[in-house]
Amino acid sequence: MAADDDENPKPGSNYITQSELRSEFSHHDPTIARINNGSFGCCPATIIAAQQRHHLLLLRQPDYYHAKLLKPSILHSRRLIQTLINADRVDEISIVDNATTAAAVVLQHTTSSFSLSSNFRPGDAALILHYAYGAVKKSVQAYITRAGGHVIEVHLPFPVKSASEIVLEFRKALRTGKSNGRKIRLAVIDHITSMPCVIIPVKELVQICRNEGVDTIFIDGAHAIGNLPIDVKSIGADFYTSNLHKWLFCPPSAAFLYSKQTSDELMETATAWMGTRDYSAQLVLPEVIEFVNRFDGGISGIMKRNHDKVVEMGEMLAGAWGSELGAPPEMCASLAMVGLPICLGVKSDLDALKLRRHLRECFKVEVPIYYRAPLEGEVDDDSVTTGYVRISHQVYNVVDDYYRLRDAVIKLVEAGFTCALLSK
Amino acid sequence: MMDPPPGVEDPRAPAVNGDTNHVSKKLKLSFITDSEIREEFAHHQSGIARINNGSFGSCPASIIAAQKIWQLRFLRQPDDFFFNHLQRQILHSRTIIKDLINADHVDEVSIVDNATTAAAIVLQHVGWAFAEGRFQKGDAVVMLHCAFQAVKKSIEAYVTRAGGSVIVVHLPFPVNSNEEIIAEFRKGLARGRANGKKVRLAIIDHITSMPCVVIPARELVNICREEGVERVFVDAAHAIGSVHVDVKDIGADFYVSNLHKWFFCPPSVAFLYCRKSPVSPDLHHPVVSHEYGNGLAIESAWIGTRDYSSQLVIPEVLEFTNRFEGGLEGIRKRNHEKVVEMGQMLAKAWGTNLGSPPEMCPSMVMIGLPSRLGVLCDDDALNLRSHLRDHFGVEVPIHFQVPIDGEIGAMDGDGCVTGYVRISHQVYNTLDDYIKLRDAITQLLQDGATCKMLQTE
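Chains A and B supply the protein sequences, listed in that same order. Note that UniProt numbering numbers the first sequence so that position 157 is 157, with each residue one more than the last. Note that UniProt numbering numbers the second sequence so that position 176 is 176, with each residue one more than the last.
By construction, these hints were calculated from the structure, which means they are not laboratory data. Any given hint could turn out to be false.
Below, simulated DSS-like cross-link-like pairs (lysine-lysine); rule was C-alpha separation at most 27 Å, straight line [said to hold, decoys possible]:
#1 LYS71/A x LYS68/B
#2 LYS198/B x LYS68/A
#3 LYS260/A x LYS197/B
#4 LYS197/B x LYS68/A
#5 LYS152/B x LYS197/B
#6 LYS197/B x LYS364/A
#7 LYS436/B x LYS68/A
#8 LYS71/A x LYS197/B
#9 LYS198/B x LYS153/B
The structure presented is a predicted model; accordingly, all values stated were derived computationally and were not measured.
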């Protein structure tokens with residue numbers, strides 16, 4: 001347990017106790033050091049039970065459920081999200097399955113030559129980050145490139161020392177992208193990039209986009225909600241999406257899509273794909289709010305403690321391995337990139353995957369690994385860190401999880417292990 | 001209707017000579033009992049005559065339990081589940097479906113959420129063909145007048161707005177034979193093609209939803225081929241578990257059916273069959289993931305983090321159906337026989353008719369409502385449905401049949417029949433459910449109630 005957590009709650013407080021917390025996550029595999037909340041999130045037992053109640057309510061009398069109960073329940077969830085992200089109106093919020101779906105909806109809407117509101121012409125450009133999530137990149141290929149659009153990828157530095165490095169690179173790339181007189185119809189910007197994981201100064205970048213005449217701005221905040229405060233009005237983008245099952249304790253899976261300008265056609269696209277489904281994961285927001293309020297400081301308290309802890313653990317690991325964090329603490333949310341010892345020889349994406357599997361199978365440590373390719377001009381002489389772990393901290397994590405990772409890596413180093421030794 | 005077959009011993013009887021293996025082999029005929037069936041559906045709301053399996057289907061307790069196990073496996077260690085188990089399990093499910101529907105290759109079988117998503121996949125492909133000039137402005141897509149609303153929306157989005165034209169074929173209802181359907185379809189298709197338009201796609205229901213009728217899909221597909229329709233998409237949302245499905249025999253290019261309606265899966269899951277063809281690589285799931293370009297089936301098996309558990313219980317569902325005599329086919333046959341029997345009972349009690357002959361009914365039947373009830377518009381149908389639910393505990397959808405110009409349509413002793421109930425029969429239904437409906441309508445008639453009066457509630 002973290003040293004500063006009390007075994008018993010403060011007298012008179014109704015905060016969740018350590019043993020209640022353990023019990024909420026007792027369905028997690030107890031043998032695994034689960035330091036990857038970032039990939040698939042987590043769901044407390046209370047919320048699983050709430051979801052099952054909704055599910056049974058549907059199965060009990062589905063016609064009545066659809067006719068009378070479903071819409072108000074979804075509306076309730078949407079209102080809670082509206083409050084959480086400071087949106088003006090609830091009709092700006094829709095709930096979809098995940099951020100991947102939201103991205104597809106926005107991209108199709110942007111490029112649809114069937115869309116009366118779309119100005120998209122072949123040769124127009126879309127801008128994404130080089131570190132954009134794989135699925136989003138493919139989505140851009142499927143919808144934008146296919147429609148004749150040109151894609152500008154903005155390369156951002158990693159490791160990175162400050163947000164201003166990001167702003168600088170972004171401004172440069174945007175100017176260059178526009179230099180042939182191209183019209184940039186859409187910018188897709190991550191709020192927190194997935195791999196490598198870094199907080200992007202979206203508010204500044206949105207402003208730059210507006211100044212440079214970008215038509216539409218879409219923030220992919222897949223990791224964001226429950227990780228850092230989101231104020232969609234202050235950020236000022238046209239679309240914003242975040243997964244609710246990653247850091248906001250919802251069961252798989254649900255995400256919100258915020259649209260500043262509600263578009264009937266966008267909503268129709270979204271619903272045209274969807275049809276009857278199991279909505280139960282979308283309906284447990286009320287119970288989730290109750291759950292987070294069992295913690296000191298509610299969701300804000302959770303976010304702050306996760307951040308502090310992940311930075312502390314990151315620095316502990318970096319110290320033990322003789323490496324560094326990939327980004328300064330203020331650019332880390334509840335996730336941190338920590339350099340792996342260079343001698344482990346992570347030389348490719350495949351190496352990273354193989355090492356990850358090795359850690360899972362031989363050490364029972366679950367942590368994703370990022371391969372950071374040397375840049376042009378960088379000497380590939382084994383003095384550049386090419387492997388990073390992405391550690392997460394969520395309320396169920398304990399210090400032991402990170403010690404196990406620390407010790408596994410040290411053991412590998414001491415045994416002279418390199419990724420080249422791992423078979424396919 | 002749920003009695004065990006005669007001459008079968010109670011499987012719970014003690015084994016002779018303690019030799020349980022020998023006895024259980026002999027008792028391979030020990031099928032699910034009535035009380036086990038009741039237990040499987042004990043979560044259904046009691047006091048409700050649930051005669052609408054067609055809308056949202058049903059899911060037995062064993063399958064709900066199996067689903068929970070899959071959900072917990074993911075939650076327990078999601079990374080391991082994702083990397084080591086999920087794809088293999090989905091492939092297993094797809095293989096079972098391939099065998100059920102007589103498809104040639106498992107590559108031809110994708111699992112999606114529902115028929116709506118499947119329609120979006122096929123129509124998005126059509127939309128790109130227009131956008132990329134493979135189809136010309138004015139090329140046509142054929143659909144039935146009674147196509148599902150979500151399909152109509154997709155047609156609007158991907159065809160009409162892309163410059164394509166839409167030919168709408170009206171099918172007769174009430175209907176007396178397959179020949180009537182075939183004749184109307186031929187006429188409608190010819191009319192639509194009168195301007196020499198190229199018909200790129202026909203969307204045909206296998207079982208129309210409202211009103212509910214089994215369409216002679218194979219024959220209509222043949223007509224499409226004869227008339228040079230490029231591709232045929234059969235929307236068979238209700239089909240699997242309800243009619244016999246043989247995709248090769250039907251011969252369509254695309255075929256979709258929901259698995260949560262009549263195949264006991266939890267909401268919601270469907271399969272989309274796409275016959276191998278040169279356009280196969282160009283079929284994509286609208287939600288793009290890192291699997292983009294690996295084939296529709298693979299794309300559909302990973303569309304981001306989701307709960308895939310309803311797709312994973314298909315093996316358990318197959319096991320469940322095999323607890324019934326004759327398996328899925330047996331269930332289907334008995335549902336059909338029972339629903340027709342109940343339909344005829346109701347028609348007799350009300351002095352009306354079935355909307356189609358028994359051979360055109362799947363596990364659902366349309367029965368005319370007495371004209372005196374005055375179902376004169378869609379709202380009347382909705383109000384009456386709510387009234388039956390709220391005041392009589394009967395859940396049954398009601399269809400308003402617009403009278404066609406120049407045609408009388410069905411009549412009863414008091415006037416034109418314009419309202420129909422669509423009753424379903426699934427393994428959990430009992431005679432009592434239909435008696436409740438019968439008596440509810442009879443009661444309303446005795447009270448002199450009409451839909452107009454219900455409006456003011």
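Hint by hint, here is what the structure shows:
As the CA atoms of LYS71/A and LYS68/B are separated by approximately 25 Å, the hinted pair is consistent with the 27 Å bound. Restraint check for LYS198/B and LYS68/A: the C-alpha separation of about 44 Å exceeds 27 Å, so the hint is violated. Distance hint between LYS260/A and LYS197/B is unfulfilled; the C-alpha atoms sit about 41 Å from each other, more than 27 Å. Distance hint between LYS197/B and LYS68/A is unfulfilled; the C-alpha atoms sit about 45 Å from each other, more than 27 Å.
For the suggested pair LYS152/B and LYS197/B, the alpha carbons sit about 20 Å apart, so the restraint of at most 27 Å is met. Restraint check for LYS197/B and LYS364/A: the C-alpha separation of about 63 Å exceeds 27 Å, so the hint is violated. Annotation: proposed proximity of LYS436/B to LYS68/A holds, straight-line Cα distance about 23 Å (limit 27 Å). Proximity of LYS71/A to LYS197/B is assessed by CA-CA distance (about 42 Å); at most 27 Å being required, the pair is judged violated.
In summary, the hint linking LYS198/B to LYS153/B is supported, as the alpha carbons are separated by about 22 Å, within the 27 Å threshold.
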